[in-house]
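Trainee: Protein chains in written order, with my numbering: chain G, 1 to 169; chain D, 170 to 255.
Take these hints with a grain of salt, some might be off.
Here are some chain G residues the structure puts well away from chain D; computed CB gaps all over 10 Å [to be verified]:
id: 1; residue: 7
id: 2; residue: 13
id: 3; residue: 27
id: 4; residue: 32
id: 5; residue: 70
id: 6; residue: 86
id: 7; residue: 106
id: 8; residue: 118
id: 9; residue: 120
id: 10; residue: 152
id: 11; residue: 158
id: 12; residue: 161
Per label pair, the in silico range of CB-to-CB distance [as the list claims (entries may be wrong)]:
id: 13; chain 1: G; residue 1: 98; chain 2: D; residue 2: 221; range: 24 to 34 Å
id: 14; chain 1: G; residue 1: 13; chain 2: D; residue 2: 232; range: 43 to 53 Å
id: 15; chain 1: G; residue 1: 162; chain 2: D; residue 2: 241; range: 52 to 62 Å
id: 16; chain 1: G; residue 1: 25; chain 2: D; residue 2: 241; range: 50 to 60 Å
id: 17; chain 1: G; residue 1: 121; chain 2: D; residue 2: 230; range: 42 to 52 Å
id: 18; chain 1: G; residue 1: 99; chain 2: D; residue 2: 216; range: 16 to 26 Å
id: 19; chain 1: D; residue 1: 247; chain 2: G; residue 2: 141; range: 38 to 48 Å
id: 20; chain 1: D; residue 1: 216; chain 2: G; residue 2: 95; range: 21 to 31 Å
id: 21; chain 1: D; residue 1: 208; chain 2: G; residue 2: 169; range: 27 to 37 Å
id: 22; chain 1: D; residue 1: 190; chain 2: G; residue 2: 85; range: 56 to 66 Å
id: 23; chain 1: G; residue 1: 158; chain 2: D; residue 2: 248; range: 21 to 31 Å
id: 24; chain 1: D; residue 1: 247; chain 2: G; residue 2: 10; range: 39 to 49 Å
id: 25; chain 1: G; residue 1: 6; chain 2: D; residue 2: 234; range: 55 to 65 Å
id: 26; chain 1: G; residue 1: 158; chain 2: D; residue 2: 211; range: 18 to 28 Å
By construction, these hints were calculated from the structure, which means they are not laboratory data. Note that the coordinates shown come from a computational prediction; the quantities given were computed from them, not determined experimentally. From the three backbone atoms N, C-alpha and C, an ideal C-beta is built for every residue, glycine too.
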Amino acid sequence: MVDFDVVSLPETDHVDEGDTAPDFTRPLVNGEYWEDRALADVVDGPTLLLFHPMDGAFQGTYLYNTVDDHGWSDDVDVLGVSISTPYAHKRLLAERGDGVRIFSDPGADVIEEYGLAHEIDGMTGITESRPAVFLLDADRTVEHAWVASEHPEFPDSEAIGDAVADLVD
Amino acid sequence: MSEPQITLYRLQACPFCERVVRTLNELDLEYRSRYVEPMHSERNVVKRVSGARSVPAIVDRETGVTMSESANIVEYLEGTYGEGGA
């Protein structure tokens, strides 16, 4: 048992295993530039789609350190999504997330559509994303899904690693 | 979705880039925008494709042309795709 208080987040009707991950177009940032890309055009094989709180929050830092530590971008395409701007994504990718590309969704419409919106206390006007992990196959079918149900909560890297191994196998 | 043949490397709010965009729109040409950062040192991708770090720069896969400098680009686009162009 943890000895600090975690907040339970309300139930959410989020994208789940067996669903087709909804398509969307947003600026997609790599280490060098960004351009509008549709998810459907980017996904052409096993893809790890990671939603995370805004860049700079330690959850994102921790998440991409985990991606790097496990070398997941060697096995599957790794795509992030957060409300941060392309400029912030570029700074993040300069430090970590080798081979990762990140969508920028400042209006949180994609985050809302995926059922991940989180109104964060004390930051009026900002809709955040819950941490969430979706492993997609080439036709965007969700093979593995995890969505935070508490705040704060971190994805289980072992479960992600197993799901990646299963899909790539 | 078919990929546009023309890629424009641009900087947000750069007047010379907007000038090229205006010409692309006037000629009804499809293009994709790739945004880079203000810092010259952050523009290696532009240097790789065009030989220089300046923006705007375009890559036209239809003709195999890569070009920098907005005046040159506008002249090229009008000459290639405008009325009376080749």
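Trainee: So, for every hint listed, does it hold in this structure?
Mentor: Outcome of the hint check:
Every CB of chain D is more than 10 Å from the CB of residue 7 of chain G (nearest about 37 Å), matching its label as outside the interface. With a cut of 10 Å on Cβ distances, residue 13 of chain G stays outside the contact zone with chain D, its closest approach being about 29 Å. Listed as a non-interface residue, residue 27 of chain G fails to keep its Cβ farther than 10 Å from every Cβ of chain D; the least gap is roughly 7 Å. Separation of residue 32 of chain G from chain D is inadequate, the least Cβ-Cβ distance of about 4 Å not exceeding the 10 Å criterion.
The Cβ of residue 70 of chain G lies farther than 10 Å from every Cβ of chain D, with a closest approach of about 28 Å, so its non-interface assignment holds. The claim that residue 86 of chain G is not at the interface with chain D is violated, since a C-beta of that chain comes within 10 Å of its own (minimum 7 Å). Distance check on residue 106 of chain G: its Cβ is at least 14 Å (rounded) from any Cβ of chain D, clearing the 10 Å threshold; non-interface status holds. Look at residue 118 of chain G: its CB is around 28 Å from the nearest CB on chain D, clear of 10 Å, so calling it non-interface holds up.
For residue 120 of chain G, the requirement that its beta carbon stay farther than 10 Å from each beta carbon of chain D is met, with the minimum near 27 Å. For residue 152 of chain G, the non-interface assignment is confirmed: its Cβ lies about 31 Å from the closest Cβ of chain D, beyond the 10 Å cut-off. Even its closest Cβ contact with chain D, about 36 Å, leaves residue 158 of chain G beyond 10 Å, as expected for a residue assigned away from the interface. Remark: the non-interface label on residue 161 of chain G is consistent with the geometry, its nearest Cβ contact in chain D lying 32 Å away (cut-off 10 Å).
The given range of 24 to 34 Å is respected by residue 98 of chain G and residue 221 of chain D, whose C-beta atoms sit roughly 28 Å from each other. Range check, residue 13 of chain G to residue 232 of chain D: Cβ separation about 50 Å, and the 43 to 53 Å hint holds. For residue 162 of chain G and residue 241 of chain D, the Cβ-Cβ distance of about 54 Å falls inside the hinted range of 52 to 62 Å, so the restraint holds. Between residue 25 of chain G and residue 241 of chain D the beta carbon distance is about 31 Å. The supplied range of 50 to 60 Å is therefore violated.
The beta-carbon spacing between residue 121 of chain G and residue 230 of chain D, approximately 49 Å, falls within the hinted interval of 42 to 52 Å. Between residue 99 of chain G and residue 216 of chain D the C-beta distance comes to about 21 Å, which sits within the given range of 16 to 26 Å. The hinted range of 38 to 48 Å is satisfied by residue 247 of chain D and residue 141 of chain G, whose Cβ atoms lie roughly 47 Å apart. Roughly 22 Å separates the CB atoms of residue 216 of chain D and residue 95 of chain G, a value that falls within the hinted 21 to 31 Å.
For the pair residue 208 of chain D and residue 169 of chain G, the beta carbons lie near 43 Å from each other, so the given range of 27 to 37 Å is not met. Checking the proposed 56 to 66 Å range against residue 190 of chain D and residue 85 of chain G shows it is violated: the Cβ atoms sit about 21 Å from each other. About 60 Å separates the C-beta atoms of residue 158 of chain G and residue 248 of chain D, a value inconsistent with the hinted range of 21 to 31 Å. One distance hint, 39 to 49 Å for the beta-carbon pair residue 247 of chain D and residue 10 of chain G, is violated here, with the actual separation near 57 Å.
The hinted window of 55 to 65 Å between residue 6 of chain G and residue 234 of chain D holds, with their beta carbons roughly 58 Å apart. Range check, residue 158 of chain G to residue 211 of chain D: about 37 Å between beta-carbon atoms, so the 18 to 28 Å window is missed.
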